[in-house]
Amino acid sequence: MSKYSKTLVFFLSLWPIYVISYQIIFNQLGPEPVDRIINHFGEWTLIFILLTLSMTPLKKITKSVEWIKFRRMLGLFTFFYASIHMLSYVGLDYRFDFEPLINDVLKKKFIFIGFSAWLLLIPLAVTSSEKMVRLLKQNWKKIHRLIYIIGIFGVLHYIWLSKTIFFKPLIFLIILVILLLFRIKITRSASKI
Amino acid sequence: MIKFKNSEITPENIYKKRRSFIKSIGLSASTLAMSAIPFVNKSLASERDKLTSYKDITTYNNYYEFGTSKSDPYRNSQIFKTTPWDITIEGEVEKPIKLSMEEISEMFISEERIYRLRCVEGWSMVIPWMGFSLSKLLSKVNPTNKAKFVEFESVYDPAQMKGQRYPVLNWPYNEGLRIDEAMHPLTTVVTGLYGKKLPNQNGAPLRIFIPWKYGFKSAKAIVKIKFVENMPTSSWMWASPREYGFYSNVNPNVDHPRWSQATERIIGEGVWAPRVKTLMFNGYGDEVASLYSGMDLNKNF
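Chains as they are written, first to last, in my numbering: chain A, 294 to 486; chain B, 50 to 350.
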């Protein structure tokens, strides 16, 4: 049964791909298709960061370790969608014209922080295998705590690029804060024991 | 140039046919009449000046009174009531006046005015507005010698406008122009588009349009025009003074903190279309640059 649940989560995690494929094929991308593609994958990257961060709290709440086995896959999907998000910005929007791109990264804080978040995802993706977990031992955990910073960077990226925090950026922020507060609570109660 | 795809609206097709007909016979009487408005006819040639489809113009809007997503205004504005509607012109004037929409449409004849709309977010549309110069409307009052600016106030009606129930902006929406900008012949009072009544999501029943400024300067659903002595603080300036200046002229050399203004994407062009270079004053420099001679446009952004 556990084998099937993982496969199921895998195919569910491809949902953003199904949606965008449908929209491309049936010409449903709207008046600003490039923007639509970039935003679509950006938003799904954030959703996957939040999903990844939800597994540990779910484990505690439901007292079931089942959740943890999805964590790596969800994390890798985060990296996957973040990469498409960035590539569509670099390739579709700027057509690999690096001069204005570098200008953007340096001058616009939302791009700077978004790009930083993507860079920080790379070591996590690279060290995600079982072998790396064994190899890095205690350090693995330390490296993978980067996901908290990535989450904060990602949500800031969204807030800073939006003209107003209402409402989607605010919703992401609230969920992220709840998920991060949960960590503080865990470590506090853990240190008491 | 004629795109039939997606157009569920027949008048648009007829409209475009008519346009190409006018083009084909050259300077017909009607184009002569229209050439009184600068920049209308000379723009027809190039690809970037192709009219944006009626569908895109009326379903892709920034109109936060009806919600912050681009599709919200179309969805949430259909039952918005625009009758009766009065507009007051007041402030530093000898005698304030109040005009109903009916009176305005009797007094002023709307003509077709094709202008490019450049959004601060980095996209543009070419819209065949129906309207007349704001100067004609403003000439109905006599400003006092204190009057230096013109303020526009949009309607405040949270019962009908969902977005106004939240503090997204400092409601009611507020915008302003210097008097010489307001009196410029390109500054237009808009009452329609594509030869039809102005749709609610585009600012019905009456809005202004200033072609050389970023779109947000062109306030929608206006109920009050006020002559004032001091520079007004617009809703967007109030929200973020660092990002939104009073002038907000389209300027590829002055970047917004979040969007590069050097280029823009043309709405309706598809996934593979490249960005195009943004033009100074949105391409209306010949007509309006003199308004700002001697001003540092980097400071007065």
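Just so you know, the hints here were simulated from the structure itself, not pulled from any lab data.
We put the CB at the ideal spot given by N, CA and C, even for glycine.
Be aware that one or more of the hints could be misleading.
Derived BS3-like pairs (lysine-lysine); straight-line CA-CA distance at most 25 Å [stated by the list, open to error]:
#	chain 1	residue 1	chain 2	residue 2
1	B	Lys119	A	Lys401
2	B	Lys275	B	Lys185
3	B	Lys144	B	Lys130
4	B	Lys189	B	Lys273
5	B	Lys99	B	Lys144
6	B	Lys326	A	Lys402
7	A	Lys296	A	Lys401
8	A	Lys400	B	Lys273
9	A	Lys478	A	Lys402
10	A	Lys401	B	Lys211
11	B	Lys147	B	Lys99
12	B	Lys197	A	Lys402
13	A	Lys435	A	Lys400
14	B	Lys189	B	Lys211
15	A	Lys400	B	Lys275
16	B	Lys195	B	Lys211
17	A	Lys461	B	Lys275
18	B	Lys99	B	Lys197
19	B	Lys147	A	Lys402
20	A	Lys401	B	Lys130
21	A	Lys362	A	Lys461
22	A	Lys461	B	Lys211
23	B	Lys99	B	Lys326
24	A	Lys353	A	Lys434
25	B	Lys273	B	Lys144
Here are some of the chain B residues that sit facing chain A, going by a computed Cβ distance under 10 Å [stated by the list, open to error]:
#	residue
26	Tyr113
27	Ser159
28	Gly171
29	Val175
30	Ala288
31	Pro290
32	Asn302
33	Gly317
Here is what the structure says about each hint:
1. Lys119/B <-> Lys401/A: holds (23 Å)
2. Lys275/B <-> Lys185/B: With a Cα-Cα distance of about 15 Å, the restraint between lysine 275/B and lysine 185/B holds, given a limit of 25 Å.
3. Lys144/B <-> Lys130/B: The given pair, whose Cα atoms are some 29 Å apart, is violated under the 25 Å limit.
4. Lys189/B <-> Lys273/B: holds (14 Å)
5. Lys99/B <-> Lys144/B: The given pair, whose Cα atoms are some 43 Å apart, is violated under the 25 Å limit.
6. Lys326/B <-> Lys402/A: Holds - the C-alpha atoms of lysine 402/A and lysine 326/B are around 23 Å apart, at most 25 Å.
7. Lys296/A <-> Lys401/A: Since the Cα atoms of lysine 296/A and lysine 401/A sit roughly 44 Å apart, the hinted pair is violated (cutoff 25 Å).
8. Lys400/A <-> Lys273/B: violated (39 Å)
9. Lys478/A <-> Lys402/A: violated (31 Å)
10. Lys401/A <-> Lys211/B: Status violated; Cα separation ~32 Å.
11. Lys147/B <-> Lys99/B: Violated, at about 38 Å.
12. Lys197/B <-> Lys402/A: Cα-Cα ~37 Å, so violated.
13. Lys435/A <-> Lys400/A: violated (31 Å)
14. Lys189/B <-> Lys211/B: violated (34 Å)
15. Lys400/A <-> Lys275/B: violated (38 Å)
16. Lys195/B <-> Lys211/B: Violated: lysine 195/B and lysine 211/B sit about 37 Å apart, past 25 Å.
17. Lys461/A <-> Lys275/B: violated (35 Å)
18. Lys99/B <-> Lys197/B: violated (37 Å)
19. Lys147/B <-> Lys402/A: Cα-Cα ~47 Å, so violated.
20. Lys401/A <-> Lys130/B: violated (41 Å)
21. Lys362/A <-> Lys461/A: violated (29 Å)
22. Lys461/A <-> Lys211/B: holds (16 Å)
23. Lys99/B <-> Lys326/B: holds (16 Å)
24. Lys353/A <-> Lys434/A: holds (18 Å)
25. Lys273/B <-> Lys144/B: holds (14 Å)
26. Tyr113: holds (7 Å)
27. Ser159: violated (25 Å)
28. Gly171: Interface hint status for glycine 171/B: holds (9 Å vs cutoff 10 Å).
29. Val175: violated (13 Å)
30. Ala288: Result: holds, 7 Å to nearest chain A Cβ.
31. Pro290: Nearest chain A Cβ about 14 Å off; hint violated.
32. Asn302: violated (13 Å)
33. Gly317: holds (6 Å)
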